Amino acid sequence: MSEAVSTERSATNKALDNEPSGFSGKAYAICAGGIIWREALRFLHQRERFVSALVRPLLWLFIFAAGFRQVLGVSIVPPYQTYILYEVYITPGLIGMILLFNGMQSSLSMVYDRETGTMKTLLVSPLPRWYLLVSKLAAGVAVGILQVYVFLAIAWFWDVQPNWIGYLYVLPALILTGLMLGSLGMLLSSLVQQLENFAGIMNFVIFPMYFASSALYPLWRVQESSPLLHTICLFNPFTHAVELVRFALYQQFNLEAFLIVIGCTVFFLGAAIIAYDPARGTIARKKQG
Amino acid sequence: MKNLLVSSAIAGALMLAGTPAFAYKIFVSNERGNDITVLDSENFEVIDTFDVGQRPRGIAVSPDGKSLYVCTSDDDIIKEFSTETYEFIRTLPSGPDPELLVVSPDGTRLYAANEDDNLVTIINLETGARVVEVPVGVEPEGMGISPDGQTVVNTSETTNMAHFIDKDSQQITANVLVDSRPRFAQYKADGSEIWVSAEIGGTVSVIDAESKQIKEKITFEIQGIRSEAIQPVGVRITPDDAKAYVALGPANRVAVVDANTYEVLDYLLVGQRVWQLAFSPDAEHLFTTNGISNDISIVDVSEDEVIKSVQVGQQPWGVAVADVD
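From first to last, the protein sequence lines are chains A and B. All letters in the first sequence, in the order written, are residues 1 to 289 by our numbering. All letters in the second sequence, in the order written, are residues 1 to 325 by our numbering.
Derived by calculation from the structure, the hints in this document are not laboratory data. Note that the structure is a prediction, hence the values are computed from the model and not measured.
If you anchor each label on the Cβ, the simulated ranges turn out as follows:
(1) L219/A <-> I89/B: 46 to 54 Å
(2) W220/A <-> S227/B: 28 to 36 Å
(3) I307/B <-> L146/A: 30 to 38 Å
(4) L219/A <-> N43/B: 24 to 32 Å
(5) L219/A <-> E45/B: 22 to 30 Å
(6) E45/B <-> R47/A: 45 to 53 Å
(7) S227/B <-> S226/A: 32 to 40 Å
(8) I63/A <-> R32/B: 34 to 42 Å
What the simulated footprint calls covered on chain B by chain A, stretch by stretch (three residues with Cβ under 8 Å from a Cβ of chain A suffice, anywhere in the stretch; the number is not a length):
(9) 263–273
(10) 306–317
Calculated Cβ distances over 12 Å to all of chain A for the following chain B residues:
(11) D35
(12) I47
(13) T49
(14) G95
(15) E139
(16) Q150
(17) T158
(18) N160
(19) S192
(20) F220
(21) S227
Backbone N, C-alpha and C define an ideal beta-carbon position, used for all residues, glycine too.
Make the full structure from the sequences, and use the hints.
Right, here's the structure in full:
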């Protein structure tokens, strides 16, 4: 049986080696369109997923932030120029939370796709593997951004009202953050074989990433209570993603956060592409095993 | 060559058009720092700091914008400084512990409340001499003056009264009992009402200028803030008498009140222990001193939005604005 699989794999590899050197732009567009359309259909058919993705940050905004309104203490941190309520502070963190969950969830769907066999349909496409993965990633990011804007619209009625230009400025930051978190999820999805295992990884990734960051508390406050935690927060790419979004929402550019987020995106995406490579990646190794 | 001249003229005109309509300076007295912080009106940045004496609190600018009067409470005198060079000009006589002061609209008289001797001192600004001392209630503090300069209102913290002093007779003509620890008195621009804040009472009493009756008592309620922390202090009313702003002390909020319906419209989050307020000459901005957080907050008056907070000296107390155009 394993001999048969091995023969099949080498045949696939040969086919890939012999693949034509270039495809027309139309072929790329059809492929991306198909992947995005599938993701859009999945999104439209899973309204509960959309609602639950919104309920989570809204609960934090309405309940958690209300309790902390007077507790956080008074200090002005950039990009803010004056005192702000905790609701205003936590909003970029909650945007990060939406993108984090969304990135992980779309990767979760990749594990699901692999289990149900839908993944094969995607991967037999003659287009380069990296292109398929990036298209899948882009589709996930688009869904995440839509969720963020709906969240921001609701938050506006909760007195979180940045300047309207901020809503435009934040879009590139959202795309970049979505790509970074989505590619991280993709990399993680390549490491797990079964859906059940993925839940564990989510717990080990999402919660530490979210809590050990500047999403909930400013870093000066974290430093006051624990210098070690402060250092961990600084090494957490999610911290910089949240800061990139926070600055952009107030029409400012945080170069340091931008460079770190873009660097992490390239690293995670590159690693995910290698991991999904049929010849070298972890998927191949798992199959071999 | 001609084109060059035309371009230069256009460029010059554009540069002039870019200059703000009102250039002014903001002066903040720092109670513990014993100095005054000066900020510019363009970027609201600190441009200078100068020493003035012990425990500066109430400050006011002369109507011509040239002089700054400072109550140096622990020196028991009032000092006059130039708003242009910040040079000391002269001392003016007050009683012990002067706290707040007002200058008459014609710039000839200064009225100061002396917290420790229950007197209001009237000073002639032309001669720099004390004219008379008017006995008022215990611990006088707030000082308001009618737009025509005919009536001065003093509030006494312990007697809980607003005392109306006539300019000509230099006597108290009426006393109005208000809520506990009245801190500040402010006339409307049309002279029809006086608003008196009560720190412990947590209210602002609106007194009819003619009948001397309280026609309305404004109360404040902020979600998540205990009522004892809501302590009204400084009050300012816009020149068109449309809106009033009330500093609420340890509640760290400034209340925006509709000055016609007396309805509280909004609460603006500012620094800690917000104390006194002042408008810019064009009334587009309001400045608040925040005593504990050592800064001032700047409010956009048309939007009722706090746009910036700027660090000043130690324990900022009073704020005054000088038009330097």
